[in-house]
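Since the structure of chain A is already known, use the hints to place chain B on it.
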Amino acid sequence: DGGITQSPKYLFRKEGQNVTLSCEQNLNHDAMYWYRQDPGQGLRLIYYSQIVNDFQKGDIAEGYSVSREKKESFPLTVTSAQKNPTAFYLCASGKGRDSDTQYFGPGTRLTVL
Amino acid sequence: QKEVEQNSGPLSVPEGAIASLNCTYSDRVSQSFFWYRQYSGKSPELIMSIYSNGDKEDGRFTAQLNKASQYVSLLIRDSQPSDSATYLCAVNWNSNSGYALNFGKGTSLLVTP
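If you read the sequences in order, they're chains A and B. Take 1119 as the starting number for the first sequence in the working numbering and just add one per residue. Take 473 as the starting number for the second sequence in the working numbering and just add one per residue.
Treat the hints as calculated values from the structure; they're not laboratory data. Just so you know, not all the hints are guaranteed correct.
[Claimed, not checked] Below, simulated EDC-like cross-link-like pairs (lysine to aspartate or glutamate); rule was C-alpha separation at most 16 angstroms, straight line:
#1 B:K577 / B:E475
#2 B:K577 / A:D1156
#3 A:K1189 / A:D1172
#4 B:K474 / A:D1177
#5 B:K539 / B:D527
#6 A:K1127 / A:E1142
#7 B:K514 / A:D1156
#8 B:K539 / B:D499
All values reported here derive from a predicted model rather than from experimental measurement.
This is chain A alone, in the form it adopts within the complex (with noise of 0.2 angstroms):
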């Protein structure tokens, strides 16, 4: 059964801890993403990932960090330099080289207590 899947589905951080959302996809894709998402505010890239061992910060990466060690694999550290971290965290996946499209995984929905 092939998709992406993210966990937890949610998360809860005390102020100053460093969190790791999990990203697995069974697709065979090169490319993979991470977004954030915020009531309003549609879908920021955080870190983009076209071949393994190698990223791409986006827009708003700072106070993030990832890895990309397997092809199956991006998982995401949020860290406690991340002043406003409670988001919902879209994780996606994509052929990469000629093909630009993207498809989701549910989500992982973040928050600071």
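Same frame as chain A, now just chain B:
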């Protein structure tokens, strides 16, 4: 600055009517355009992509693209209450590292029985 503009709505149409959703973009070199549907609390779901000027039809959905006017639209024929959702317009941009998408903030559609 790459921008994608959508009217936030809500756009209210009666069941069975045609819903027309509009999007303008600022990057003249954009080549790929996408419409996503997002139900409340869920992740975006790809509806259609369009790459060439003109119309593209898929079932009850028609995407229209006019690159000279930097305008893309989505028509939903025979609107159903289940079409009530937020519709996101996305436009590609090419960086040195590959493709990414810019998203509009979305238009909320309400189909009333």
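Q: Quickly compare the C-alpha distance for K577 (chain B) and E475 (chain B) to 16 angstroms and report which way the hint goes.
A: holds, 10 angstroms
Q) Taking 16 angstroms as the top limit, are the C-alpha atoms of K474 (chain B) and D1177 (chain A) close enough? A) Holds, because 11 angstroms separates the two Cα atoms, which is no more than 16 angstroms.
**Q.** Agreement of K1127 (chain A) and E1142 (chain A) with the hint, judged by alpha carbon distance not exceeding 16 angstroms
**A.** Judged against 16 angstroms, a Cα distance of about 13 angstroms means the pair holds.
Q.
Checking one constraint from the list: CA of K539 (chain B) to CA of D527 (chain B), max 16 angstroms. Satisfied?
A. holds, 12 angstroms
Q.
Would the hint linking K539 (chain B) and D499 (chain B) be met if the CA-CA limit is 16 angstroms?
A. It holds: about 10 angstroms lies between the C-alpha atoms, which stays within 16 angstroms.
Q | Pair hint K577 (chain B) and D1156 (chain A), alpha-carbon separation not exceeding 16 angstroms | A | holds, 10 angstroms
Q) Taken at face value, is the distance from the CA of D1156 (chain A) to the CA of K514 (chain B) at most 16 angstroms? A) holds, 13 angstroms
Q.
Check whether the Cα positions of K1189 (chain A) and D1172 (chain A) lie no farther apart than 16 angstroms.
A. holds, 11 angstroms
Violated hints for the displayed structure: none, as all numbered hints are satisfied.
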